[in-house]
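Start from chain A and add chain B according to the hints.
There are 2 protein chains.
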Amino acid sequence: MKVEALRLVIRSARKFINVGSLSRLWNLVKNFHPAEIANLMDHLISRERLILINTLYERDKDKAAEVLSELDPEDAASILENLPIDQIADIMQITPSDDVAPILELLPEEMKDAVLAAMAQKTTEEVMELLDHEQETAGRIMSPNFYALNENTNVSDTITAMQLESDVESAFYLYVIDDQDHLQGVVSLRQLLFSRPNTPLKNIMTRDVISVHTETDQEEVARQVADYNLVAIPVVDSEGKLSGVITVDDIIDVIDKEATEDIYKMLSLDTTDRIQDSPFTSIKKRLPFLLFSLLTASVAPLVVKYFEGTIQDFVTLAVFMPLVAALGGIAGNQTIAIMVREIAIGQTEWISARKALFKELLVGIGNGLVLGVIVGVASYAIYGNLYLGLVLGVAVIINLFVAALIGTLIPFFLRLLKLDPALGSVNLLTMFTDSIGLLTFLGLATFFLAYLK
Amino acid sequence: MKVEALRLVIRSARKFINVGSLSRLWNLVKNFHPAEIANLMDHLISRERLILINTLYERDKDKAAEVLSELDPEDAASILENLPIDQIADIMQITPSDDVAPILELLPEEMKDAVLAAMAQKTTEEVMELLDHEQETAGRIMSPNFYALNENTNVSDTITAMQLESDVESAFYLYVIDDQDHLQGVVSLRQLLFSRPNTPLKNIMTRDVISVHTETDQEEVARQVADYNLVAIPVVDSEGKLSGVITVDDIIDVIDKEATEDIYKMLSLDTTDRIQDSPFTSIKKRLPFLLFSLLTASVAPLVVKYFEGTIQDFVTLAVFMPLVAALGGIAGNQTIAIMVREIAIGQTEWISARKALFKELLVGIGNGLVLGVIVGVASYAIYGNLYLGLVLGVAVIINLFVAALIGTLIPFFLRLLKLDPALGSVNLLTMFTDSIGLLTFLGLATFFLAYLK
Numbered sequence: 378m379k380v381e382a383l384r385l386v387i388r389s390a391r392k393f394i395n396v397g398s399l400s401r402l403w404n405l406v407k408n409f410h411p412a413e414i415a416n417l418m419d420h421l422i423s424r425e426r427l428i429l430i431n432t433l434y435e436r437d438k439d440k441a442a443e444v445l446s447e448l449d450p451e452d453a454a455s456i457l458e459n460l461p462i463d464q465i466a467d468i469m470q471i472t473p474s475d476d477v478a479p480i481l482e483l484l485p486e487e488m489k490d491a492v493l494a495a496m497a498q499k500t501t502e503e504v505m506e507l508l509d510h511e512q513e514t515a516g517r518i519m520s521p522n523f524y525a526l527n528e529n530t531n532v533s534d535t536i537t538a539m540q541l542e543s544d545v546e547s548a549f550y551l552y553v554i555d556d557q558d559h560l561q562g563v564v565s566l567r568q569l570l571f572s573r574p575n576t577p578l579k580n581i582m583t584r585d586v587i588s589v590h591t592e593t594d595q596e597e598v599a600r601q602v603a604d605y606n607l608v609a610i611p612v613v614d615s616e617g618k619l620s621g622v623i624t625v626d627d628i629i630d631v632i633d634k635e636a637t638e639d640i641y642k643m644l645s646l647d648t649t650d651r652i653q654d655s656p657f658t659s660i661k662k663r664l665p666f667l668l669f670s671l672l673t674a675s676v677a678p679l680v681v682k683y684f685e686g687t688i689q690d691f692v693t694l695a696v697f698m699p700l701v702a703a704l705g706g707i708a709g710n711q712t713i714a715i716m717v718r719e720i721a722i723g724q725t726e727w728i729s730a731r732k733a734l735f736k737e738l739l740v741g742i743g744n745g746l747v748l749g750v751i752v753g754v755a756s757y758a759i760y761g762n763l764y765l766g767l768v769l770g771v772a773v774i775i776n777l778f779v780a781a782l783i784g785t786l787i788p789f790f791l792r793l794l795k796l797d798p799a800l801g802s803v804n805l806l807t808m809f810t811d812s813i814g815l816l817t818f819l820g821l822a823t824f825f826l827a828y829l830k
Numbered sequence: 378m379k380v381e382a383l384r385l386v387i388r389s390a391r392k393f394i395n396v397g398s399l400s401r402l403w404n405l406v407k408n409f410h411p412a413e414i415a416n417l418m419d420h421l422i423s424r425e426r427l428i429l430i431n432t433l434y435e436r437d438k439d440k441a442a443e444v445l446s447e448l449d450p451e452d453a454a455s456i457l458e459n460l461p462i463d464q465i466a467d468i469m470q471i472t473p474s475d476d477v478a479p480i481l482e483l484l485p486e487e488m489k490d491a492v493l494a495a496m497a498q499k500t501t502e503e504v505m506e507l508l509d510h511e512q513e514t515a516g517r518i519m520s521p522n523f524y525a526l527n528e529n530t531n532v533s534d535t536i537t538a539m540q541l542e543s544d545v546e547s548a549f550y551l552y553v554i555d556d557q558d559h560l561q562g563v564v565s566l567r568q569l570l571f572s573r574p575n576t577p578l579k580n581i582m583t584r585d586v587i588s589v590h591t592e593t594d595q596e597e598v599a600r601q602v603a604d605y606n607l608v609a610i611p612v613v614d615s616e617g618k619l620s621g622v623i624t625v626d627d628i629i630d631v632i633d634k635e636a637t638e639d640i641y642k643m644l645s646l647d648t649t650d651r652i653q654d655s656p657f658t659s660i661k662k663r664l665p666f667l668l669f670s671l672l673t674a675s676v677a678p679l680v681v682k683y684f685e686g687t688i689q690d691f692v693t694l695a696v697f698m699p700l701v702a703a704l705g706g707i708a709g710n711q712t713i714a715i716m717v718r719e720i721a722i723g724q725t726e727w728i729s730a731r732k733a734l735f736k737e738l739l740v741g742i743g744n745g746l747v748l749g750v751i752v753g754v755a756s757y758a759i760y761g762n763l764y765l766g767l768v769l770g771v772a773v774i775i776n777l778f779v780a781a782l783i784g785t786l787i788p789f790f791l792r793l794l795k796l797d798p799a800l801g802s803v804n805l806l807t808m809f810t811d812s813i814g815l816l817t818f819l820g821l822a823t824f825f826l827a828y829l830k
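Chains as they are written, first to last, in the numbering used here: chain A, 378 to 830; chain B, 378 to 830.
Chain A extracted, bound-state conformation (with noise of 0.2 Å):
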């Protein structure tokens, strides 16, 4: 939807809700695709959202359905927590399995335990084994509703099976399994459009299967479905039991969840944070990451004390204080961004990480002259103080040589502490360009004071 037509939509839902003119928001959006819905919904607040779902679930309780599958699942839960338990299970029952359960976990527990009860048992055993298996891997966010048939059947069969079923996930491929459930091999819908009616599947199916384990991390998973460009990827248990599929819209979502993960942590975000929280809730959020910043952002006024008898004498000190700074913190930032985001798109590897590392500080040192220089040159054209160019410029280039240190070793020493390796990256790594930088010039300041005043 062009952005002038949603806010004429947006518009018409809102008066509908509001004067009540429920028949009237119903044939607005009756004919949108639920994705357009969770779009629309995205612009309401909580108690529109709550009136335009319950329209939905009263007129066609599969549109409700799929458009809470569209949603965030916290934007879902927290629309969800205001209905009857009943209507909750009725709406979750006729949701895919792999959406339900993101969304009751984050439902208060004892509201989660009573809609699981109230489900249907088949779903209620699907959504608690989806929730049986970590967060963030194959086992959460896979669907237990896949095509599988075993490797005897033949493919008039198969076409027969296939069209009975109806409520499995859009299928591009057909799972082949063993009397024992392992998955065996892969038929494409093509494959079986072009075979002979009698063949049995294991005749005609590639055996060569790209799958991942229920305990592979999702990031893992989309990389997998990234590089083989597949449209599904199975995932089997410790024992190669075929346990689900997931199909490349999860995958998509995995990817667009991990890039703007990678960008909350590194700047100190809460990867919950939306715009559409309310001011509290995002004060709430960002609080933590604020305090600890208070802490990194403390040390360096311990730097800057220790020299406060150095500046008190040569005041023009303090005006640079804050370029050396910036100019580490700015060219350190470029180190930490390429390599999380290297990290994070695995293109580098414990492996490379040495090689990495010598790269960045030569591009400091090289970088660092070149701005040292301008720097100093500039300081000294416009004071007129030789050695107040030479302490600037010298502060610079080790500053960006600092920078580059830190910068590639915050990530690695992240992730050997098993953390994140964006994980408020750019707030440590300010903390040592700030201090580092402040330290060196200030240092240097102290021991060339006679020559500076």
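Source of the hints: derived by calculation from the structure; they are not laboratory data. Note that the structure is predicted; figures quoted are calculated from it, not measured. Be careful, since some hints might not be right.
No copy is singled out in the list; a pair is fine if it fits within one copy or between any two copies.
Unchecked claim - Straight line, CA to CA, 30 Å or less: simulated BS3-like cross-link-like pairs of lysine-lysine: (1) K634 to K489; (2) K407 to K732; (3) K407 to K682; (4) K489 to K618; (5) K732 to K682; (6) K634 to K438; (7) K662 to K732; (8) K438 to K499; (9) K634 to K662; (10) K634 to K682; (11) K661 to K732; (12) K407 to K392; (13) K440 to K407; (14) K662 to K489; (15) K440 to K732; (16) K830 to K732; (17) K682 to K830; (18) K634 to K795; (19) K392 to K732; (20) K661 to K795; (21) K682 to K489.
Coordinates of chain B only, in the frame set by chain A:
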């Protein structure tokens, strides 16, 4: 491939290359998936890459072409540059044209023209047509090879026709066109499988096809595919004629690339900067941003220079300068991160800009109050100077408000200038938070100087 296995493969490949055992090199890689060979390439230096691609080319041209398709266009182009024209043309001819176009345009102009002239006419035309479209549009990334049949074709003729076509990219949908090539509908392979042989396509096709225009931005295309959970999206020209198809694997590349670009642009990094680039290349790519940073970082010193007298009178102010600046920067980064990312994933249109600004300002004031009080009280406790505590606390509160204001406005302002909303945003923000933060802090201190000392 696991890290340990990859490490071993890299070591063996390098050994075989360096001692010239090319048949052992071939035996090592011949059963690898092209994506795995591409991954191996990432860990080799130029000379080794060239030998590997030549080895592949001599034994199995298709494999060489597939590996080149899997590489980043930049890497593929830098390898091809060293090959003779007829060999480049020979490989490019068997590479899908949507992968050829981005590689060719990175070659030197003369070389590109020579390769285009040496390729088979059909391929040349396809590639030239793609290159006719703007970069980063649907028309540039689409594949001109797709299944499309006339709406009057019946199911059995369709199946026969599809069996004859083998060089089409993995097709999951069959597009249906009228006599003038206008896109009319879509048929899934599943529908074909379950329909009677003599039914014409127009009776079974879905008419409501989601499509994009050749000039649609690739980010918008990615958004559509993600929102509507598609595995392929058709591209039509201005007359509604079907021009190409974009498959989900290309969309994943777009999403990955755009996410990396967001991070790189925010942190002032060239989007083509790679960990494998030589130090000299990276220096050249990063210097322009650093020189720009030198300008933005020179604003704060001007502010401080204005207050030299105040600092001379009360040098403790210099101690707290880095703290005021850092807190503003970090809080502002949080706002920038959320704005850039939510604009990127399409959550925020101009529609909600005012709402977002209002919210961020409230968050800025809230967090500012908490941090300001902590900083004020702590400095009072340490220095026993009530006015220092007050000045510092108020400066932090004001700077967090400014950070929220500037952090929200920068992305929208950059977009207003038709620039990327992320471009250098963290850098620009720091300029404002450093200088306005220090202006507030030192300004207040000057005003209360009599009480401070």
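We went through each hint and held it up to the structure:
Taking the closest pair of Cα atoms, K634 and K489 come within 30 Å of each other only inside a single copy of the chain (24 Å); across copies the shortest separation is 38 Å, beyond that limit. For the homomeric pair K407 and K732, the shortest alpha-carbon distance between copies (28 Å) is at most 30 Å, but the shortest distance inside one copy (57 Å) is not. With identical chains, the CA atoms of K407 and K682 are never at most 30 Å apart, being 66 Å at best within one copy and 64 Å at best between copies. For the homomeric pair K489 and K618, the shortest alpha-carbon distance inside one copy (29 Å) is at most 30 Å, but the shortest distance between copies (50 Å) is not.
In this homomeric assembly, K732 and K682 never come within 30 Å of each other (Cα to Cα): the closest approach is 38 Å inside a single copy and 42 Å across copies. Taking the closest pair of Cα atoms, K634 and K438 come within 30 Å of each other only inside a single copy of the chain (28 Å); across copies the shortest separation is 38 Å, beyond that limit. Within a single copy, K662 and K732 get their C-alpha atoms only as close as 37 Å, which misses the 30 Å cut-off; across copies the closest is 19 Å, which meets it. In the homo-oligomer, the alpha carbons of K438 and K499 lie at most 30 Å apart inside one protomer (19 Å), although the nearest pairing across protomers, at 51 Å, exceeds that limit.
Proximity of K634 and K662 under a CA criterion of 30 Å is satisfied in both settings, with 18 Å inside one chain copy and 28 Å between copies. Taking the closest pair of Cα atoms, K634 and K682 never come within 30 Å of each other, the shortest separation being 42 Å inside a single copy and 44 Å across copies. Taking identical chains as interchangeable, the C-alpha atoms of K661 and K732 lie at most 30 Å apart only when they sit on different chains, with a minimum of 19 Å there against 41 Å within one chain. In the homo-oligomer, the alpha carbons of K407 and K392 lie at most 30 Å apart inside one protomer (17 Å), although the nearest pairing across protomers, at 64 Å, exceeds that limit.
Taking identical chains as interchangeable, the C-alpha atoms of K440 and K407 lie at most 30 Å apart only when both belong to the same chain, with a minimum of 9 Å there against 49 Å between chains. Taking identical chains as interchangeable, the C-alpha atoms of K662 and K489 lie at most 30 Å apart only when both belong to the same chain, with a minimum of 24 Å there against 52 Å between chains. Taking the shortest alpha-carbon separations for K440 and K732, only the inter-copy value of 29 Å comes in at or below 30 Å, while the best intra-copy value is 53 Å. In this homomeric assembly, K830 and K732 never come within 30 Å of each other (Cα to Cα): the closest approach is 43 Å inside a single copy and 53 Å across copies.
Proximity of K682 to K830 under the C-alpha cut-off of 30 Å is found in both arrangements, the shortest distances being 20 Å within a copy and 16 Å between copies. For the identical chains of this complex, K634 and K795 are neighbours both inside a copy (20 Å) and across copies (26 Å), given an alpha-carbon limit of 30 Å. For a Cα distance limit of 30 Å, the shortest separation of K392 from K732 across copies, 18 Å, qualifies, whereas the shortest one inside one copy, 61 Å, does not. For the homomeric pair K661 and K795, the shortest alpha-carbon distance inside one copy (25 Å) is at most 30 Å, but the shortest distance between copies (34 Å) is not.
In the homo-oligomer, the alpha carbons of K682 and K489 never lie at most 30 Å apart, since the shortest distance is 54 Å inside one protomer and 61 Å across protomers.
In terms of the numbered hints stated before, the structure departs from hints 3, 5, 10, 16, 21, listed from lowest to highest.
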